[in-house]
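Engineer: As they're listed, the protein sequences go chains A and B. The first sequence begins at 0 in numbering that gives the first Met the number 0 and counts up one residue at a time. The second sequence begins at 0 in numbering that gives the first Met the number 0 and counts up one residue at a time.
Treat each hint with caution, since some may be false.
Said to hold, decoys possible - Just some of the chain A residues that point at chain B, by a computed CB distance under 8 Å:
hint, residue
1, Glu11
2, Arg74
3, Ser77
Hints were generated in silico from the structure; no laboratory data involved. Virtual Cβ for every residue (Gly too), placed ideally from N, Cα, C.
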Amino acid sequence: MNFDVCKATLRERFSNPIRSATLLGFALFPIPIALVDPRPNSSTSFFHPLLAVTLASGILGLEFSSGVLALVFTRPVSRRVYALSKWVAVTATAVILSIAQLLAVLLVLRVRYDFFEPEALGPRLVERVLVAAGTCAVLLLFSALGSGLSDLAVWGLASIAAQTLRTIGFVNRDDFWIRLGESLQFLLAPGWGMSSGASPEVSPLDLLAAAGITAAALGLALWVLERREITYAEVRV
Amino acid sequence: MLRYTDSVGVPAIAVSGLTKRYKDKPVPALRDVSFQVEPGIVLGLVGPNGAGKTTLLGCLLGLLFPDEGKIEIFGGAPGTPGVNRLVGYVPERLSFDRWMTGQAFVAYHHALAGRARATQRSDVAEAFDRVGLEPSARRRRVATYSRGTLQRLALSQALVGKPRILFLDEPTSGVDPSGVLLVRRLLADLKTDGVTVLFNSHQLDQVERVSDRVLFLREGRLEDVPVSSADSPRTLSLRWLADVDAGTDNLGDAVAACDAEIIEEAATTARVRVPSDDAAARLVSALVAGGIRLVEAAPVEARLESLFRVSGASAGKGAA
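Next up, chain A with everything else stripped away, as it sits in the complex:
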């Protein structure tokens, strides 16, 4: 791990005002929802994966298309260490923001509705960590394969496809399509929905699946990056 790369990654991420504003919006939006809706999952479950998406999108792709990577990869930092350091930086930030968001929502629910579910806190925290790490890993993989913000486009389109499949399943009362949609969504944000049941608990199988997808996405991203040639043909100045 290279802490200079971690620091530079976070400074770059937050130097973009659009990204920062989007992040702030996704982080804070569940709080007003919690003021009018007493169900803890309804106000937060949609937004917390988007924190990771906002932080990690274009993490390598933007550097491919700006030409920055051509310079960085002539430095004595291996491509593997560089990519892992970037992933750690955005994952850690996404985890912190996601947990802070969850705690803020639970505080609002406690104050406004006297809602308190201590046994559900653990599973929800585990889900937050898994989703942040997994979503960032999936975006790192998409970013290693493409350039610019193509990773965001692929993730967004695949998410829409997953929701469409689920909707088809609900309309037709067909579990196959619902499960297909949920599986696709689980691939895009590993761990998402693990603790959304009435009595939240973490299934070991889900935990293993989420960790496995994250590890596979990370491994594949590093493998792709090691073999990718850096040319100026894709650089947009």
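Following the hints, position chain B against chain A.
Structural biologist: Only chain B this time, still in chain A's reference frame:
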């Protein structure tokens, strides 16, 4: 850690049988390219557009992977951390982290280069001073930089890692004369310091002025071009003041005495072909001694330029 620079007799660059193809191009970008460069040499790389110069640089830097052949930089494989510790690079397209200040950018590359944090401040200041980047510019965001300032920033980041080998891709492209002079001065300093430099440029007179050796690439093939030979013939353009007291009758005699040849003559100008630098110097002395008030004696074209044409690869012909 392997210390490549300690290896006696190891060439700075050793390339053998390098071939590189792109999937979307039927013709290889590089074909069976082989050469060696000794440490401390300034090597110019010239050739028409699309000849494979940037591809060759990409392979030497480990950014592109050869299909065939072998490359060694100070005995190590390009792109590996051990070799990259010795490398500095100035890309042709100066597209850097636009959100950083110049100071932060060079400090970041100092850290990436694996230099000691304790010397960061002084190393960064030294790199900026070497390229003459103003303190006010150092604190500005890179996004606000002009092309000339970007070039100085690029050179600073390349120098801050104290490289033993420097790759410059069109370092004078689009910069003003002061930028050109800066590069020329830096190359001379680096050569004195024993740094090996490979630079790719379209500005043939620049290449000729600073290079110990020139590689000429055409259609992916390499030719070693002799440069800076004082024995090569060249054409001089002469201009003198019109003066009633001093005629130009002595021109023909002086030219003949120096084994030169008049190609073109007008009232106050002439173009003369001289066989060597020594003949050129003797000709100028003879003209002055003969009372001709000479105000200009300049080569019509760089030697490299003529070699470039002789090789049948003028820029227009080879332009991609």
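Engineer: Would you mind marking each hint as holding or not holding in the structure?
Structural biologist: Here is how each hint holds up against the structure:
| no. | hint | result |
| --- | --- | --- |
| 1 | Glu11 | holds, 6 Å |
| 2 | Arg74 | holds, 4 Å |
| 3 | Ser77 | holds, 6 Å |
Checked against the numbered hints above, the structure breaks none of them.
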